[in-house]
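Chains A and B, in that order, give the protein sequences. Going by the numbering used here, the first residue of the first sequence is number 309, and it counts up by one from there. Going by the numbering used here, the first residue of the second sequence is number 21, and it counts up by one from there.
In case anyone wonders, no lab produced these hints; they're calculated from the structure. Cβ atoms here follow ideal geometry from the backbone N, Cα and C, with glycine treated the same way. One or more of the hints may lead you astray.
Partner residues are not named here, just some residues of chain A that face chain B (Cβ under 8 Å, in silico) [claimed, not checked]:
1. Asp347
2. Cys348
3. Gly413
Far from chain B by the CB rule (all over 12 Å, computed), these chain A residues [as the list claims (entries may be wrong)]:
4. Pro316
5. Asn320
6. Pro352
Here are the simulated lysine-lysine pairs, BS3-like style, with alpha carbons at most 27 Å apart [to be verified]:
7. Lys85(B) with Lys350(A)
8. Lys77(B) with Lys350(A)
9. Lys353(A) with Lys85(B)
10. Lys77(B) with Lys310(A)
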Amino acid sequence: RKEVEQDPGPFNVPEGATVAFNCTYSNSASQSFFWYRQDCRKEPKLLMSVYSSGNEDGRFTAQLNRASQYISLLIRDSKLSDSATYLCVVNPLSGGYQKVTFGTGTKLQVIP
Amino acid sequence: EAQVTQNPRYLITVTGKKLTVTCSQNMNHEYMSWYRQDPGLGLRQIYYSMNVEVTDKGDVPEGYKVSRKEKRNFPLILESPSPNQTSLYFCASSSANDRLRQPQHFGDGTRLSIL
Chain A
309 RKEVEQDPGP FNVPEGATVA FNCTYSNSAS QSFFWYRQDC RKEPKLLMSV YSSGNEDGRF
369 TAQLNRASQY ISLLIRDSKL SDSATYLCVV NPLSGGYQKV TFGTGTKLQV IP
Chain B
21 EAQVTQNPRY LITVTGKKLT VTCSQNMNHE YMSWYRQDPG LGLRQIYYSM NVEVTDKGDV
81 PEGYKVSRKE KRNFPLILES PSPNQTSLYF CASSSANDRL RQPQHFGDGT RLSIL
């Protein structure tokens, strides 16, 4: 089993739709989680950190489910500009070393 | 402006010719890392460094070397490049102040083609 798994998509959704992605991780000791956005072959950019209590930033909501070992990203009212690949990132070690693991990404295409 | 700078952005070279991709950050970050990104495989970590003179292997270190003589610089060295090292490379850095919440800042990437 991969350390971090994501559905590669693509998810094709109309503008205004709500879309959700999940990302599962295998190491139950994982401590920190992030969602990054990557536009075509450009550098990944931090979208949001994922906290135990869940967090929201405008149209984006991230949640962590430790019992089932997954994180989720919900995008409401999708915009054309949301079209990108969304990468989940997991730090598998508690403090100490920074050997982070990236998922392979989920591609989102928002359609007019 | 806070940034991670990689050079070169693009490089086409031939098998066996040693090359270095530089990475520099101006945020005084302790942690730096190199990744390669290939279609279908996502971002894979090559090497990382927790601080000056402290480096460790990531998931795919074979064929690469790194050094961390100064805090701001973390060059990636390919002593004898081979075609399977053709890839898109990213350097990243982050602060170690809060060890559990360390989003990384990425450079613009280096497209490397080994013929």
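Cross-check of the supplied hints:
1. Asp347: 11 Å, violated
2. Cys348: 11 Å, violated
3. Gly413: Cβ of Gly413(A) sits 6 Å from chain B, so the hint holds.
4. Pro316: Check fails; 8 Å does not lie beyond 12 Å.
5. Asn320: 19 Å, holds
6. Pro352: 5 Å, violated
7. Lys85(B) with Lys350(A): 24 Å, holds
8. Lys77(B) with Lys350(A): Status holds; Cα separation ~24 Å.
9. Lys353(A) with Lys85(B): Given pair Lys353(A), Lys85(B) holds - Cα atoms ~26 Å apart, limit 27 Å.
10. Lys77(B) with Lys310(A): 19 Å, holds
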